Structures are given as structure tokens and as C-alpha cells.
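Colleague: Take a look at the letters that make up each chain.
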Amino acid sequence: MKKFFTRRLVVRLFWGLGALVFAFLLYAWRSPIPPIDAPAAETFDAAAVRRGAQLAALGDCATCHTAPGGETFAGGRAVETPFGTIYSTNITPDTPTGIGRWSQVAFQRAIREGVDREGDHLYPAFPYDHFTLVNDEDSAALYAYIMTRQPVRAQTPDNHLAFPFNMRFMMAGWKLLFLHSGPYEPDTQRDAQWNRGAYLANGIGHCGACHTPRNGLGAEIAAQHFGGGEAEGWRAYAINADSKSLEAWNAEDLHMYLSKGWHDRHGDAHGPMAAVAQNLSSLPDEDVKAIASYVASVMGKRSSPPASAGAGKTALDGAPSNDTGAAIYAATCASCHDGTRALPFGGVKLMLSTAVTGESSTNLINVILDGLHAPEGTAGAIMPGFSTTLTDGQLESLVAYIRSNLGAQPPWTGVENTVREARSRDRD
Amino acid sequence: MIELRVNGQSHNVSADPDTPLLYVLRDELQLNAAKFGCGLGQCGSCTVLVDGAPTLSCVTPIMLLEGRQITTVEGLGTAEDPGPMQRAFIEEQSAQCGYCIPGMMMRAQALLQRNPRATDAEIRAYLEPNLCRCGTHMRILRAVKRAAAMMTGPDASPSTHTPVPASAQPDTSETDGDSQRDRRHSEKRERPER
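Respectively, the protein sequence lines represent chains A and B. The opening position of the first sequence corresponds to residue 1 in the numbering used here, with each subsequent residue numbered one higher. The opening position of the second sequence corresponds to residue 1 in the numbering used here, with each subsequent residue numbered one higher.
For the record, the hints were derived by calculation from the structure and aren't laboratory data. All values reported here derive from a predicted model rather than from experimental measurement. Idealized CB from N, CA, C, for every residue including glycine. Among the clues, some could well be false.
Per label pair, the in silico range of CB-to-CB distance [unchecked claim]:
1) 117(B) x 50(A): 26 to 34 Å
2) 138(B) x 232(A): 32 to 40 Å
3) 241(A) x 12(B): 52 to 60 Å
4) 40(A) x 138(B): 38 to 46 Å
5) 52(B) x 95(A): 46 to 54 Å
Rough simulated footprint, nothing fancy, chain A against chain B, three-plus residues with beta-carbon under 8 Å [what the hints assert, rightly or not]:
6) 55-66
7) 69-76
8) 89-102
The task is simple: from the sequences and hints, build the whole structure.
Modeller: The structure is reproduced here in C-alpha cells:
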């Protein structure tokens with residue numbers, strides 16, 4: 001009796017499970033969209049192509065869809081995720097290897113729903129959870145711009161993802177849980193500029209992809225919008241009320257920082273943000289102003305402004321927290337960071353930098369080791385790196401000194417590990 | 001007193017610990033190959049090797065360098081017996097004004113010591129931090145390729161991978177000629193900084 005019951009249960013479970021899997025597969029299935037002949041460049045409106053170029057810059061499309069040293073938009077850049085390595089795809093209008101046979105409908109489905117022309121689900125390393133907000137007009141402009149680029153033949157390398165993440169249909173489940181489809185719903189309590197900024201920043205600009213923390217399944221935690229995250233070995237600072245910047249940001253300062261890549265009371269954009277600022281510099285001023293106005297309002301009044309004990313002090317005042325760090329700072333850093341040259345030609349006063357007052361030592365250590373480099377072919381801040389001269393011990397002393405004497409903040413924990421990780425990422 | 005090991009020789013240096021290495025090399029040790037360009041670590045003309053890695057000596061205080069191996073152009077060979085990097089730069093006649101050349105040679109040396117089979121693209125990328133205002137980049141690139149061929153070829157000299165200790169420190173003929181000019185240049189550049 002007992003055995004029979006067990007067997008029946010097993011059979012029922014088997015069918016139940018089978019039905020569930022079948023239902024999920026049915027739910028996950030997306031139809032292919034028929035291929036088209038690559039549309040001729042003259043069929044696109046020139047104004048749409050121009051606007052598409054600006055939107056593609058705001059979306060940092062080329063930043064991810066270009067391999068180091070590779071052709072623009074030809075893909076192949078490795079994106080490291082906690083689940084494995086994903087390679088960005090070739091989005092030039094090449095027919096066999098790019099998106100030359102994609103119709104506008106297929107393109108729009110890809111950016112808004114994360115499904116490619118053939119009907120396969122895309123991984124959210126491609127931020128369709130943001131692009132879902134992009135409206136029809138902007139989507140058409142992006143398509144016009146992308147389809148009028150030079151086709152480049154470049155096969156995208158295969159992703160290296162662990163089971164079960166290598167099964168694309170699983171992404172349907174991810175989307176069920178975490179994708180909140182557009183379009184953008186304007187906040188009627190706010191003015192048009194704010195709404196424009198929110199639409200651009202949360203949509204194509206996908207600021208939260210780096211600046212919002214992610215959960216165990218790699219989805220942004222909506223309740224901690226702009227609460228700070230990680231990006232390519234860098235800390236993307238909190239840009240909400242938790243910002244640790246000594247000087248509170250306002251819309252005007254953000255506008256300057258975003259369009260120039262530096263601000264004299266905040267410092268230089270570095271790491272992945274340097275490319276973002278570089279991209280934003282090609283946008284019309286109204287767009288950047290709108291983004292600045294929106295982000296400034298999210299930052300609002302801060303929940304816990306950092307102690308301002310460091311304000312107005314130069315680094316060389318007061319008793320140093322450790323003599324080695326103080327001596328290295330005075331001999332190596334002070335001539336630029338405590339000098340009289342203003343930004344962007346001199347260094348920022350370090351107490352003003354979120355890299356010093358912020359929640360993580362990562363960025364300060366990265367910059368001390370590698371310095372700052374102007375992106376190729378552009379003007380930008382330059383700082384020499386000190387990876388070849390500072391030993392780990394010297395670097396830790398220097399970081400401790402800068403944090404406590406200039407930032408007037410309690411010591412960071414785990415600096416030793418952060419140094420080790422930064423060294424292991426060391427280029428060349 | 002700080003002990004500095006330069007080109008295989010030990011020196012007890014009386015300069016303050018916060019003195020940039022470049023000043024000690026030029027003013028105390030009379031090693032005039034490394035040049036004062038910008039003084040801000042932005043042009044690369046002061047590049048030397050520290051433990052084999054390219055380092056901007058104008059922004060590196062000597063307090064960080066105790067026990068480290070420092071190499072300058074003088075350590076790559078002498079005027080009488082130039083090393084492969086020096087020979088290559090002479091044979092390609094890479095210098096126009098010559099001011100950036102010692103820094104270029106040292107950064108290229110660092111690359112080739114680690115990877116003597118560096119590709120053109122790797123050489124370009126690696127030399128990117130060093131500026132040349134005369135525009136002799138193509139000759140510099142050819143010289144580095146030539147040096148690489150000498151280092152990997154059958155006639156590779158033993159000084160290829162381990163820089164020889166320069167004994168009496170005569171400047172290479174190349175840097176000798178412009179040392180007067182260097183001094184004027186660095187004085188001129190230093191004043192407005194103060």
C-alpha cells in the first residue's frame with residue numbers, strides 16, 4: 001500500500017514537473033522576426049541619424065560594443081559578471097556577423113525586451129531593464145544611427161557561463177521577476193526638465209546599472225536606487241541621499257562634471273565614469289542639464305553628510321595619523337594636490353574627493369596605482385601612477401594617512417585585500 | 001643618508017628623503033641621461049627603470065627607493081660599447097632634438113625585457129605615455145623594433161636582458177652632446193614652477 005502510494009506520488013510529481021517545465025518553455029518562447037535586406041543608408045532621415053548618435057553616446061553603446069583596440073560597435077569586449085564572461089555582440093549592420101538583417105521592429109524588441117531577432121533571450125549585461133523605457137522616436141533614431149554605420153565583419157566569441165546561466169530561456173524567468181517594462185511614466189508632480197532627466201538617466205543612460213547595488217541574481221535592488229554599486233573593479237558611488245561627497249552636489253555642479261569630466265570642488269571622473277563623461281560631452285546641453293537636475297533631486301538632502309573636519313585644512317596641518325604615510329604624501333602627492341594650480345591642471349584637494357570620503361578604498365587605490373589617463377585622442381586629466389614605486393606597505397600607509405588626515409573619516413577595513421585585488425588586475 | 005642602487009652600483013646619497021630621484025641622478029650622481037621635462041610626471045622624459053618597471057623619476061622621492069634596482073640609459077651601455085637599445089636608436093637616427101629619447105629608450109627597454117617579441121601595436125600602446133614634440137615617432141618605433149630584433153637575434157649581446165653596470169659613467173655620445181642644452185632647458189623650465 002505504502003509503496004503504491006509512493007509510486008503514484010512520483011508519477012504525479014513527474015507529470016506535474018513536466019507540465020511546469022512545458023508551461024515555462026511556452027512562456028519563455030519568443031518568435032523569430034523575419035530577416036530583412038540591410039536597408040540603404042539614404043532611406044534614413046539625417047536628423048534621426050544625428051539624434052541617434054547622441055543617444056548612442058548617452059547609452060555608452062560603443063563603450064561596451066567595442067573590443068579594446070577593435071572596430072567601433074563590432075563587439076567582442078569581455079564583460080565579467082558573477083555568473084561568467086559575456087562578450088558584447090557586433091551591432092554594426094554587417095549581414096552575417098552583425099545586425100544587418102534586423103528590422104526596426106527586431107531592434108526595438110531587443111532593446112526593450114531583451115530578445116534578439118531570432119527569438120533568443122539576451123542577458124541583462126545588456127541593460128534592457130533600462131532601455132525598456134526608451135520611446136518609439138528615440139528607438140527609431142538609435143536604429144537609424146546604428147544601421148548607417150560601417151558594417152564590420154567580426155564574429156562574436158562564445159560566452160563562458162556556468163550552468164544553468166548558459167541556458168538563455170532561463171532569462172525569461174529573470175525578466176518575470178525583475179524586468180519592469182516601459183514606457184516611462186512621467187511624474188506629474190515634477191517639471192518637464194526633471195522628467196526629461198529621469199527618462200534619459202534611467203532609460204538609455206542606465207546610470208543605475210553601475211550606481212545601484214545588485215542582488216544575488218544580478219538584478220538592481222529597486223529599493224536602493226542609486227545607492228552605490230560596482231563596475232569593472234571600481235566603486236560606483238552612491239548618488240542618492242547616501243552620497244559621501246564632502247560638498248553636497250547640486251544640479252549646476254553635476255552639469256559641469258558630467259559634461260566636462262571634472263569639477264573643481266569634486267575632482268575628476270575616473271575609471272568607467274571617465275568614458276561616460278566623455279560620451280556625455282557630445283550631448284546637447286539641455287539633455288545633460290536635465291540629467292543633472294534629476295540626479296541632484298535624487299541626491300536631495302543627505303542622510304549623513306560626512307564630518308567636515310577636513311574642510312579648509314591643507315593636508316600638511318595637524319598631527320599625522322602615521323609618519324610614513326604623511327612623509328610619502330608630502331613628498332609625492334602634495335606638489336599637485338596641495339599646490340596652487342587649479343583643476344583640471346592641478347590635483348583636487350583630496351578632502352573634497354569622494355574617493356577619499358567615500359564608502360570604499362577601491363577607487364583611491366586604483367588611482368594611486370595607475371594614475372589617470374586621458375582617453376586616446378581626447379583631452380583629459382592626467383596623473384602619473386605609482387604602481388612601480390610604492391610597495392604594498394607604503395601604499396597602505398599612504399591610504400590610511402589620506403583617509404584619516406584629509407578625509408577625516410574612520411579607517412577603511414580590508415585595505416590590504418583591496419590593494420592585492422587592484423594589483424592582480426594590474427594591466428600589462 | 002639613503003642608499004640607492006643605480007646601474008648596479010651602490011651610492012650613499014645625502015639628499016633629503018623627499019628629493020625626486022631625477023634631481024639626485026642629475027645633480028649628485030652626474031647621470032644626465034634622464035631629462036627634466038614637465039616635472040609633473042606627464043611627459044615621460046625622466047623615465048628610468050625601478051626593478052625593471054618604467055618609473056617617472058621626477059615625481060618619485062628617493063625615500064621610496066631604498067633597496068630597489070634603478071636603471072638609467074647609462075646602465076644600458078657606454079659610448080664605446082652601446083647596448084642594443086642604444087645601438088638601435090643610433091642606427092635609426094631616431095633623435096631630432098633628442099630630449100625625449102632617454103625616456104623612450106627606458107620605457108622600450110622595460111617592455112622588451114619582459115616581452116622581446118612585442119608586436120607593433122604593443123609597442124605603440126606601451127610607449128603611449130612618453131611624448132615627443134619633434135615628431136620622430138616613426139623612427140622611434142623602428143628603433144624599438146630593431147632593438148627587439150637585436151635582443152632576440154643570434155647576435156644578441158649579453159647586455160640585452162641584464163643592464164651592465166656603467167663604470168665611469170661617461171654619457172653616451174648622444175646625450176653628451178646636448179647636456180649643455182639640457183641644463184639651460186631645465187633651468188628655464190624650473191623657474192616658472194616655483
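Colleague: Hints first: check each against the structure and report whether it holds.
Modeller: Hint check results:
1. 117(B) x 50(A): 26 to 34 Å: Violated: the Cβ-Cβ distance is about 45 Å, outside 26 to 34 Å.
2. 138(B) x 232(A): 32 to 40 Å: 34 Å, holds
3. 241(A) x 12(B): 52 to 60 Å: 56 Å, holds
4. 40(A) x 138(B): 38 to 46 Å: For residue 40(A) and residue 138(B) the Cβ distance comes to about 40 Å; the hint holds.
5. 52(B) x 95(A): 46 to 54 Å: Check passed, 48 Å falls within 46 to 54 Å.
6. 55-66: holds (count 8)
7. 69-76: As far as the region 69-76 of chain B goes, the hint is violated, because 0 residues have Cβ atoms under 8 Å from chain A.
8. 89-102: Since three or more residues must qualify, the claim that chain A covers the region 89-102 of chain B is violated, with 0 doing so at under 8 Å.
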